Structures are given as structure tokens and as C-alpha cells.
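Protein sequences, first through last, are from chains A and B.
First residue of the first sequence: 1, per the numbering used here; consecutive thereafter.
First residue of the second sequence: 1, per the numbering used here; consecutive thereafter.
Among these hints, one or two may not hold up.
Said to hold, decoys possible - To spell it out: a stretch of chain A is covered by chain B in this simulated footprint if at least three of its residues, at any positions, have a beta carbon under 8 Å from a beta carbon of chain B; those stretches are:
1) 23–36
2) 200–210
3) 307–321
4) 369–375
5) 391–402
As the list claims (entries may be wrong) - A few chain A residues that don't get close to chain B, going by computed Cβ distances all over 10 Å:
6) Phe51
7) Leu84
8) Arg105
9) Ile116
10) Leu152
Unchecked claim - Examples of chain A residues toward chain B, derived with CB under 10 Å:
11) Ile20
12) His217
13) Ile219
14) Ile237
15) Ala246
16) Ile286
17) Thr342
18) Val347
If you're looking for bench data, these hints aren't it; they were derived computationally from the structure.
Bear in mind that the values here come from a model prediction, so they are computed numbers and not experimental data.
The beta-carbon is built from N, C-alpha and C at its ideal position, and this holds for glycine as well.
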Amino acid sequence: MKTDRAEDLFQPNLPRRHRIGRWGLILFQASTLVGIVVLTALILNILNRTFGYVALTYRVPPEALSINGIPVERLHSLDLAYLLRQHLPPQMIARLERDGPLEQRPRRELLDLLAIKVMQPKVLETWTLAQSLFCRQAIETRVARLYPEARLVFRSWLTPEFLIRPQSSRPEFAGVRTAVLGSLWVVGIAIVFAFPIGVGTAIYLEEYTRSKDHWLHRIIQTNINNLAGVPSIIYGILGLAIFVRALAPLTSGAIFGLVPEGATANGRTILSAGLTLGLLILPIIIINAQEAIRAVPNSLRWASYGLGATQWQTIWHHVLPSALPGILTGTILAMSRAVGETAPLIVVGASTFITVDPTSPFSKFTTLPIQIYQWTARPQDVFRHLAAAAIIVLLVMLLALNATAIILRNRYTLRRG
Amino acid sequence: MSVSNSRAEPDIAQQLRRRPRRFETLIRWSLLAAAVLSIFTTVGIVYELGKESLRFFTRQLWEETNKQLAAAVDADDTLLPVTRGGATLHPQDVIRIDDEVMRVRAVKGTILEVTRGVQNTQPTAHPAGRAIYRGERVSLVEFFTGTQWAPQIGKFGMLPLLNATLMVAGIAMIVALPLGLGIAIYLSEYASDRARRWLKPTLEILAGVPTVVYGYFALTLVTPLLRAIFGKDVVEVYNLASAGIVVGILIIPLISSMSEDALSAVPQSLRYAAYALGATKLETALQVVVPAAFSGLAAAFIVAISRAIGETMIVALAAGAGPNFTFNPFEAAETITGHIVRISSGDLSYDSIDYNSIFALGLVLFFMTLTLNIISQRVVRKFRQVYD
Chain A
1 MKTDRAEDLF QPNLPRRHRI GRWGLILFQA STLVGIVVLT ALILNILNRT FGYVALTYRV
61 PPEALSINGI PVERLHSLDL AYLLRQHLPP QMIARLERDG PLEQRPRREL LDLLAIKVMQ
121 PKVLETWTLA QSLFCRQAIE TRVARLYPEA RLVFRSWLTP EFLIRPQSSR PEFAGVRTAV
181 LGSLWVVGIA IVFAFPIGVG TAIYLEEYTR SKDHWLHRII QTNINNLAGV PSIIYGILGL
241 AIFVRALAPL TSGAIFGLVP EGATANGRTI LSAGLTLGLL ILPIIIINAQ EAIRAVPNSL
301 RWASYGLGAT QWQTIWHHVL PSALPGILTG TILAMSRAVG ETAPLIVVGA STFITVDPTS
361 PFSKFTTLPI QIYQWTARPQ DVFRHLAAAA IIVLLVMLLA LNATAIILRN RYTLRRG
Chain B
1 MSVSNSRAEP DIAQQLRRRP RRFETLIRWS LLAAAVLSIF TTVGIVYELG KESLRFFTRQ
61 LWEETNKQLA AAVDADDTLL PVTRGGATLH PQDVIRIDDE VMRVRAVKGT ILEVTRGVQN
121 TQPTAHPAGR AIYRGERVSL VEFFTGTQWA PQIGKFGMLP LLNATLMVAG IAMIVALPLG
181 LGIAIYLSEY ASDRARRWLK PTLEILAGVP TVVYGYFALT LVTPLLRAIF GKDVVEVYNL
241 ASAGIVVGIL IIPLISSMSE DALSAVPQSL RYAAYALGAT KLETALQVVV PAAFSGLAAA
301 FIVAISRAIG ETMIVALAAG AGPNFTFNPF EAAETITGHI VRISSGDLSY DSIDYNSIFA
361 LGLVLFFMTL TLNIISQRVV RKFRQVYD
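Let's have the full structure, built from the sequences with the hints guiding it.
So, in C-alpha cells, the structure goes:
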């Protein structure tokens, strides 16, 4: 075999190499596709369980409550109060009227009372959206056979009432208000604690240490990088030992004389949870703030010094304002991490069942992710639907936060450019 | 800082002299204090974990021996007649009757020779028929080699928990490594700018989803799928495979974004050189770009393992409750993190053995992830190739 042309040497191999190359591309595309498919499956799976048929029974069906053919949802509050008086025993009415006569209550509250006390809907079985769409016939025959007295209703588990109702042991009336308020409290405290400390640390590391090789700078920097990699549950254990146990007088509000009446929180409070999450997001805030400060051009600092400003004047009036969008973006990312965090809060001692709104940092707490965890962990299907609805609320909160971060980032780049 | 003209010459020098700026110094020190707080966090973690773990390992557990005092003893008797049967006692064992702790010096049939009132307890008289408890400690050997974790009966071997943790992490890496790397190579070597603009935010969304949502996903979609594929008799409702797969999905964005950064950092000239030698695109990617970015890729994998080990909510929801020493991925088994969550979600009383044990387990977890993170930083520093 003798040839002078170089390309003939390649010839026997070339088609094979190109074929392998094509397969490689297909493989890489496939793995990218898998990522997208998984994300889609995740979202569809949640939507699938947020809507669907339920088999319901009522103690008193809504039709029995309509007056002169007007359905109960459209009745005037006087009529609603009348209905309540008619269907409830007098002792219960007396108890309800302790805070004022029924007729003066808002209409929505009366409707809620009617639903909870009089109609008493009970969910017997639930189906997912896919089942509801594709196996309607089978569902109808099953309901007719198993629950002849029940009616089949298409229900969205995510309703306005779901957002404003407190937690309840009855899935028909459960809501996420206490959990959402708890989340806002806890994340608020975490940010108030972590933002000044995080930004302060970043300023110190970027502006005040003379050289990046100074021992103190190196120790702090390594330490922060390692803290960012510590599993979140370890922060929960730390919070349990320090904030809940060692600082119990502070975090339960005892030293301020602020312990709410009948409180049994013992340091397992919103404040402890907030501080724990604050420690957790501190490294994220620091690292992002450092990057933002580093991106400020040195010419700005020199110009300021040249005009005779002191170091702090330079930082406060020139470096921080131009680093602020970057710092805020990082803070919002840290916030969205805190909003979704579950494990450390369970260790710190989130309460399982709270129906009262949190009123101060010393209240017991539950948060949205914890609510989702508890509903998911229950074996009954009904609670999985509630969990799906709560997940949508959580994801919308996160989406709103991230959208804010992206808008901030874009405005920043526009102004710079 | 204006210098007034009316002043005489020496005064100007006086004025321009460096003056102490109290406010500046105050700011500087408070910023330093903020920076040092992060060190305190680490110190706090190590101190608290260490302190409570020490309590865990030095804690005296009282185990029933099923022996009783055969006759009443006075406060100064050193020979104790005990009943037959029950556990065998040995010299140097620590025993307890009522509130008094004693150390066994010798055993002669049913007569125990003891030192009375050890460990700061007072010798007192005891009536016949009192139960005898033997003191035990959790030994380090048992902790690291025992295959049973059952605190109620005094078994503290963490291997079942560790094994489940490593199995979940292993399954996760099997899922995430090829997919994450494939996505990274696609994004950095093949994808058009437009595709990249769409794909990267999509992956970021995947990374931003809270882990409890992934737990829901594992329990309501992946587990039923596995059970449909492999059969309901083979796959339990809670199982390691489902948890592992979903943890893998969770860390795909982490691997792909870190790997893509590493691959994009490889200079274009290397690719051009490979093309000039007649390499195809795939050959360039796999034989030139990937080896050049090796340190970054390795660091990404190690960080991903550390993340998988520390992942909590997915395993708490999908992997099952109850320690189980098994190598079958379709069985339920509790991981270290899952166990910590389950133990602490009840009303945990301080100074109970359960309370101490979560710190000991936390310490193991902390050192595992810390070691992995340090290794990954070392890998980056040591094997990084600098192209200039």
C-alpha cells in the first residue's frame, strides 16, 4: 500500500470519525433535552395535582340553602345570618356572637361560617388533572358505584381562599396564610441581620485589607468560601444549639418581658429561625457584594481621593452607590435561597400546626416550605393536592424575587453601557 | 480641606499633618468586626458540634442487667450479694443501684466486690430486690463500625445511615455526571448564541427550585414511575433509587454551570490548533478541551458530591424513615441528614441521647463536606493550567 496523497491516508477513517462526531452531538443534545424535559415534568406534575375532579358530599347541600332561587354565594349578608341562625344550635350562635352580632360581620366571613359549620363539604376521593381530562367516564362510573350520594366537582386547589385561610386540619378549608406570613417574617429578619454584616464584610475585604495575601484576609476569605459549602442542615443544628438553646432568654423575648401570653415556644421562635437563615445566607451576600465592589473601576476611587475625600467618604459616596445594583441583585438571590430553605428550620423547631397569625419575632413559626413538607409527608392524596397548590404559591414568590433581580441587573448594565 | 491664607508658614505644616480621624477608625473597626463574625460562625459550628458530640461519646447509658440485690446492704458494705441470671458483670464495670454509682472490683459467684459511691455519688443503704443497672458508653469503634442504629436499645452504629447517604450520593452522581457534563459540552462547544441565551436561564430555573419541591417531585412522580417500571413488589414506596435520581437532577445545573465555566475558560487557540491538525469537533472537545479544563471539571464533580451528601429534604421525603443497612437501591433507608430531620422534628428535649446524637452525626457530615470542599479548592489550585 503506497500512496503519495495525504488525504488518502485519512480516507478509510474519515467517514467513521464524522459518524462518531454526529453521535457525540446527538448525545450532548439529548442530555440538554433531558434537562428541559425534567423541568417540564416537574412543572406539569405540580399543575397536574393542583386541579382535578373531587368526589364531594355535603351535610347540607348548597341548593338547600338557596332562597327564592338565588344561589347561596350571591345572598345578602342578612340572609346569610338568617341561614346560620336557622341551621345552627342556639348555643353555637351565642358563642359566635360573643364578638358582635352575626349581621354585622363581613359577608365573606359569613359565607365561610356557612361552609364550615353548615354545609360541611367532605372530600371522599380526588383525581389529578390528567385523570380528569382523559378518564372522565371511568371516574363517573366509579363515583356512581362507590359513592352514590356524592357529587363530582371539578376543583382548583389553588383559590383566593387558599391564600387567605389559615392552616386547618380539614383539607377542604386549609390555607397558607399563616405559612406565607411566617415566611415573610423569617426572611425579613434574616435579611435585616445578614445584609449589613454581609456588605460590611465585603467592604472590609475589598477596600480595607492592604494586600490579598495578608493573613487575616486569607483566613476570612477561605472561611467564607468554606461556609458557603456547608450543608444547610448544619446551620440548623448550629441555630438549635445557639439561638434556640443558649440564647433562649433573648430569642423567646423573655429578657424584654415580651413573651406572648400562653407562649410555649421556648426559643423556637421566628427570631431564632430568622437568625439561623441569616447566618446561612451571609456567605452568599458577602461573595456577591465582593464581586460587585470589585467591579467598580479604580479610577473612581482615585478621583475621589484626588479631591481630598477620606477612605470612608470615597466608599460611601462613590464605591457603594455604583456597586449597589450588584449588591442588591446578590441579596435578592440570597433571599430566594432563604425563602425556599426547609431543613434548617425543621431542626430549629418549626411548629407543625399553627392557625394563628404570627404577631411578633417571638411567635412560634411555620413557613411555606415547611407547610409543603408536612402536607407532602402525609399519606393521604388530598394533602398532596394542597401541597401542589402551596408549591405554586412558593414558586410564584420565587419567580417574583428573581424577576426583580433580573430587572435590577438589566437596568444596571444599561446605565453602564 | 481648605488652607486659609492668613496663617503663617509653620501652621500650614501643622494643618496638613495627618490627624487622627476617629470616625474613620470606628468604621474600620466595625467593618472588621463584621468580617470576623464569619469566623465566629465557623468556630461556633465546630465548637457546638464538638461539645455535644463529646457529650454523646462520654454519656453514661444505663442498661438493665436483670439482676437485683439479693439482700439489703448498708452504706459501707463493699460486698454485694446479687441474684443469679441476667447479664454477666466484669471487674471495672460501672453499676448503679438507685442513685448511687459503684465500680466493680471483683466478681465472686453471686457476690460483687465494689467501690462504693464513685462519680460523685453518696454511698447509701439499699433494700433487697433493687435493680442493678450497668453503665455503658457509646464507643468510637461502635459508632463507626456498628451496623445497627437504634438509640432506644442502645445501638449506635452509624454505618446504616452513612451507607444510605453514600448510596444516594452515588446514584445521584451516576445520573448527574454524564448529563451535567453533556450539557456543559453542548453549551460551550456546540450551542449557538441564541440557544445558549435560552438554555442557560432554563438551567438556572432548575437550580433555583427549592429542594422541598424536588422532594415532592420524587415522591409523586419518580417513585410511581420506578414502581411502574420495576414492579410494586420490587420497589418500596420509599426508596433510595428515587431519592438518588432526584438528587442527581438537583445537582445537574450545579455541575453543568461549573463545568461550562471551566470549558469556556479554555483559550480558543487550542481549539483552532486541533482543527488545523484535522480533528473533528467531537475530537477537539473530548481530547483537547476537556483535558485542558480537567481541574475545573474535577472541582465541579467534587463540589457536586458534597452537595449530594448534604442534601436533606429530598431524602427526608422520598428515601424513607428508619435506618436500614442495605445495598438494594429499591429499599427504604434513612440517610444521615434524613435522620437528623426526623429526630429533630419532634419535640426534642435537651440533654437527651437523641439531642446529642444529631450533633455527632452533624459533625461527621460537616467533616465529610468540608473535606470534599477543601479537596476541590486544592484541585483547582494545583492542577490549574494557566494560559497566557
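Do the hints match the structure? See the list:
1. With 11 residues carrying a beta carbon less than 8 Å from a beta carbon of chain B, the segment 23–36 of chain A meets the three-residue requirement, and the given coverage holds.
2. Given a C-beta distance limit of less than 8 Å, the hint that chain B covers the segment 200–210 of chain A holds, as 6 residues qualify and 3 suffice.
3. As drawn, the segment 307–321 of chain A meets chain B at 4 residues by the rule of a beta-carbon pair under 8 Å; at three or more, the given contact holds.
4. Counting residues of the segment 369–375 of chain A whose beta-carbon sits less than 8 Å from any beta-carbon of chain B gives 3, enough to reach three: the coverage restraint holds.
5. Requiring three or more residues with a Cβ within less than 8 Å of a Cβ of chain B, the coverage given for the segment 391–402 of chain A holds, as 5 such residues are present.
6. A:Phe51, annotated as away from the interface, keeps every beta carbon of chain B farther than 10 Å; the closest lies near 15 Å.
7. With a minimum CB-CB distance of about 38 Å to chain B, A:Leu84 clears the 10 Å threshold, and the non-interface call stands.
8. At roughly 37 Å from the closest C-beta of chain B, the C-beta of A:Arg105 stays outside 10 Å, upholding its exclusion from the interface.
9. The Cβ of A:Ile116 lies farther than 10 Å from every Cβ of chain B, with a closest approach of about 28 Å, so its non-interface assignment holds.
10. Non-interface status of A:Leu152 relative to chain B is upheld: no Cβ of that chain comes within 10 Å, the nearest being about 23 Å off.
11. Against a cut-off of 10 Å between C-beta atoms, the interface hint on A:Ile20 holds, since the closest Cβ of chain B lies about 6 Å away.
12. Satisfaction of the interface hint for A:His217 is found here, the shortest Cβ-Cβ separation to chain B being roughly 9 Å, below the 10 Å cut-off.
13. Here the hint on A:Ile219 is kept, as its CB sits about 7 Å from the closest CB of chain B, short of 10 Å.
14. For A:Ile237, the interface hint holds, the least distance from its beta-carbon to any beta-carbon of chain B being 4 Å, beneath 10 Å.
15. For A:Ala246, the suggested interface contact is upheld, since its CB lies about 9 Å from the closest CB of chain B, less than 10 Å.
16. A cut of 10 Å between beta carbons decides the hint on A:Ile286: the least distance to chain B is about 7 Å, and the hint holds.
17. With 10 Å as the threshold, the beta carbon of A:Thr342 comes within range of chain B, its nearest partner Cβ sitting at about 5 Å, so the hint holds.
18. Satisfaction of the interface hint for A:Val347 is found here, the shortest Cβ-Cβ separation to chain B being roughly 4 Å, below the 10 Å cut-off.
Checked against the numbered hints above, the structure breaks none of them.
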